[in-house]
Amino acid sequence: MKVEGLKKFYPVKGTTVRENKPFVHAVDGVDFEIYEGETLGIVGESGCGKSTIGRQLVGLEKPTSGHVLYQGKSISHMSHSRLRKIRTELQMVFQDSTSSLNPRKQVFDILAGPMLYHKIVDKETLDQEINRLLELVGLPKSMKYRYPHEFSGGQRQRIGIAKALLVRPRLVVCDEPVSALDVSVQAQILNLLKQLQDELKLTYVFIAHGLGAVRYVSNRIAIMYLGRIVEIANTDELFENPIHPYTQALFDAAPLPAPRLRGRDRIVLKGELPSSVNPPSGCRFHTRCPYALESCRVNDPMLLPIRPDSEHLAACPVLMPKETRNGEYNG
Amino acid sequence: MEPLLQVNDLSVAFVEDKTETVVVDNVSFSVEPGEVLCIVGESGCGKSVTALSILGLLSPNARVKSGSIIFEGKDLLKMNSKELDEIRGNEVTMVFQDVMNSLNPVLTIGNQLTEIISAHMGYDKRKAKEYAIEMIKKVGLADPSAVMKKYPHMLSGGQQQRIMIAMALACEPKLIIADEPTTALDVTIQLQIMKLLVELQKEFHMSIILITHDIGLVAELADRVIIMYAGQCIEEATVYKLFDQAGHPYTRALLGSVPSIYDDPDKKLTSIPGTVPENYYEIEGCRFSGRCPYAKPTCSKDQVYFELEPGHLVRCHRVGKGEIPFESE
Amino acid sequence: MVKYILKRILIALPVLIGITILDYAIMSLAGSPLEMMLGPKTTEAVLKAKEIQLGLDKPFYIQYFVWLKNVLQGNLGYSIKSYQPVSQIIGSHIGPTLLLMGTSMFVGLAIAIPIGIYSAVNRYTKRDYTFVTLSFFGTSIPSFFLSLILIYLFTVKLGWLPSSGMRTAGAKGGVVDLIKHMVMPVMVLAISIAGSNIRYVRSAVLEILQKDYVRTAKSKGIGPFLTINKHALRNALIPIVTVIGMQIPTLFGGAVIVEQVFSWPGLGLITMNAIMARDYPVIMGVALLTAVVVLFANLITDVIYALVDPTIRY
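Chains as they are written, first to last, in the working numbering: chain A, 29 to 359; chain B, 3 to 331; chain C, 367 to 680.
Treat the hints as calculated values from the structure; they're not laboratory data.
The structure displayed is predicted, hence computed values, not measured ones.
Any given hint could be a false lead.
Which residues of chain B face chain A? A few of them, derived with a C-beta cut under 7 Å, are [as the list claims (entries may be wrong)]:
1) Leu193
2) Leu219
3) Tyr242
4) Val260
Pairs of lysine-lysine residues, derived as BS3-like cross-links and limited to a Cα-Cα distance of at most 25 Å, are as follows [stated by the list, open to error]:
5) A:Lys169 - A:Lys229
6) A:Lys35 - A:Lys49
7) A:Lys49 - C:Lys369
8) B:Lys151 - C:Lys577
9) B:Lys197 - A:Lys298
10) B:Lys151 - B:Lys129
11) B:Lys151 - A:Lys298
12) B:Lys269 - A:Lys229
13) C:Lys435 - C:Lys424
Virtual Cβ for every residue (Gly too), placed ideally from N, Cα, C.
Let the hints inform the model, and build the full structure from the sequences given.
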């Protein structure tokens, strides 16, 4: 999949009809690629736009501008009927399976519906397929006639995963799939996701705010702040060598389960997240950046390789390795 | 030294349609002056209910079945509402989890702050207002006089939580109970709030009971840790001991199941199979045995909460007998 | 805020017109007033002349537009029965209705609100069950039945209170006399009002008491009085105000039955009589008044709602 110049703005609620209607700049110019078979993690805090991107990727919403290209074709401006055929290949696992499962339907029906609609199986093989699916996600077959509220949170999440997998997708976007779960159950689900990726040759986009979980499952990670990607690299490279100050701050902020390292030096970000209706001028992060220079207030940095030919991209001219610092700027 | 707070054999049950479910089962622990005690556990283990019992904030369908909570020589469970009100907000205060819903949406910040000051510190209106502004400044919010006039929904989650902390600290309490105060917040904001709390704790020489499920946070903040499972305390130790040599199999599995960015990249997450059984109160013997990799038939006998070594309590006889080897980190 | 109000008024106008059209249509289905005038001495010719005089020979939609045109000029028409101007009829009867209903509403709420709060705070206790049961009685007892019982008790048996009218005929009048006439009808109405509102208040307060911020208030040690009356009540008032706002139109409609039983000279009485006589202009006059009041009450409720709840953005 390829994302080009993706922007998504939402009008601010409750404003009267006027010329300069304020918009929430949820996603404000994002480019990246997703390669077959990998897991791309997208990390950021609230308001960074990661969930919005997730929805654009599976065609749930149309972007304000820019494209999402799937296998070379733009799905963002595709007709409804053409998109319908592709939809089975692009699926989503949601954060709160409690509210994304119809509480009045039995699990069997929840899973059977899409399978029959998309003619993935016919009525004879339906039962068999559902059994296979439940086994795949680790749910007991005996529970297929139960209702969602009779399952635990972790089990409901497994149903959500089964639902995403039943149409035989190629790309699965997981939007905070474990945030609402207990710690020990999170581990179960993360392991399951990894296992399923191997077995079914899936491509994942893993959206989360928990760095540890993202690192566990992802091959590459993109860090987002206020609607833009500020850094993107292979997982190991990113953790060994984080460039962007926000990335570093995120890493520092993650609580470290090692009491003896408590007093260590870390970046504590000042201030609050700026409004995405009126993003700061120049580099969006400059208002909270411990390394900000005067130029950062004016120049909006581009996402550039930190070394020529490197796949590690960062949007910070201040902290880039010296060789590439003759940076180009946006606009 | 006398502990600041001593909880003895506390049992709390929920009553619904004449059936009782015991959610806190004979829990005992103490809090020393000036220390940070973390109570850790997953949802449903009873940690929040334990915390709410201290200040008598349980919902109407909850009943304290036994136990005592001794604070400065008096049993809080035996106090009437009036006596408790002297202590609430004053000597012992609480910071709640879901901060968006924990502040009254129709009252200004200033109103909600000054009322706690007026209730306990006996200041007049003007002095209370000045003091409130001081507190807002102290918790790191800019333009305190403007904040006083705002309503909660005009502030962000992090700012609201700072206000809750301001309210909790206003009367210089001896003990703050913080129930998952940062769960709903972004991780960078969480760091700000936690640093603030630690700073103020040292300044005011308070004790904190921090309730959380975030192991990382425990490592950052705790002096001592209590692990709860299915309504019982199953381990208690200093934070260093816990991370170096956790005893109980549940604790070990818990520590191993949290993905940390500092882990070895190839490390596999330990996941605990299954879930907490529904009617755990009725289980004979160890409540964790159904999911424990070390379970043996002897686990079906009632487990004693005993002292493995000074300051380290465990509720697992196999650990006690040395049958489960420690892995040193 | 001003824009909000203007917008609401603008939307209300077509609604008002719509209501009056519907009222007129329904009313004309009920039959012509001419039928009520049939008597042994009336002849066809007289009826026909009457019909033309009253404009009743035209199709009903034409009649409606005639009526509408007049209303816009401030003329509500004349009663077919009494030939008095409708506006005068309404004007002279609206006072007593307002007095009766206003007092009943006040008394009813003065009973309902404290009891509702008490019930919610002490939920599931014996007293709570008692109050809720009593409130059920309050709403269930038919008002005419209760009226008759009270009349029997206080007028017939005890002779304490008069059973009809607003003032004692021929007497000097004065406040005490008025109050004596008001006691029973107010009691009947207040019991009904209190009955339904006790449960509204109780459930509104109950829902608020479960909220986290009430628990926070309690944890601050400010005491139960402040916790309930400052923190809980102010939030509970929001749904309560809405519900009370919806009951305001009844202040005008009048308690038709109670006014009949006690011969209270209010709007309810004349509306009833107008309906029986198919007195179109009067009925339409009252209908118009009711529609205006309902819309106005809704607007006021929304404005109060927006004022009381700072999270609402208009």
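Hint by hint, here is what the structure shows:
no., hint, result
1, Leu193, "4 Å, holds"
2, Leu219, "5 Å, holds"
3, Tyr242, "5 Å, holds"
4, Val260, "6 Å, holds"
5, A:Lys169 - A:Lys229, "24 Å, holds"
6, A:Lys35 - A:Lys49, "17 Å, holds"
7, A:Lys49 - C:Lys369, "18 Å, holds"
8, B:Lys151 - C:Lys577, "23 Å, holds"
9, B:Lys197 - A:Lys298, "12 Å, holds"
10, B:Lys151 - B:Lys129, "16 Å, holds"
11, B:Lys151 - A:Lys298, "23 Å, holds"
12, B:Lys269 - A:Lys229, "22 Å, holds"
13, C:Lys435 - C:Lys424, "15 Å, holds"
Comparing the model with each earlier hint shows no violations; every hint is respected.
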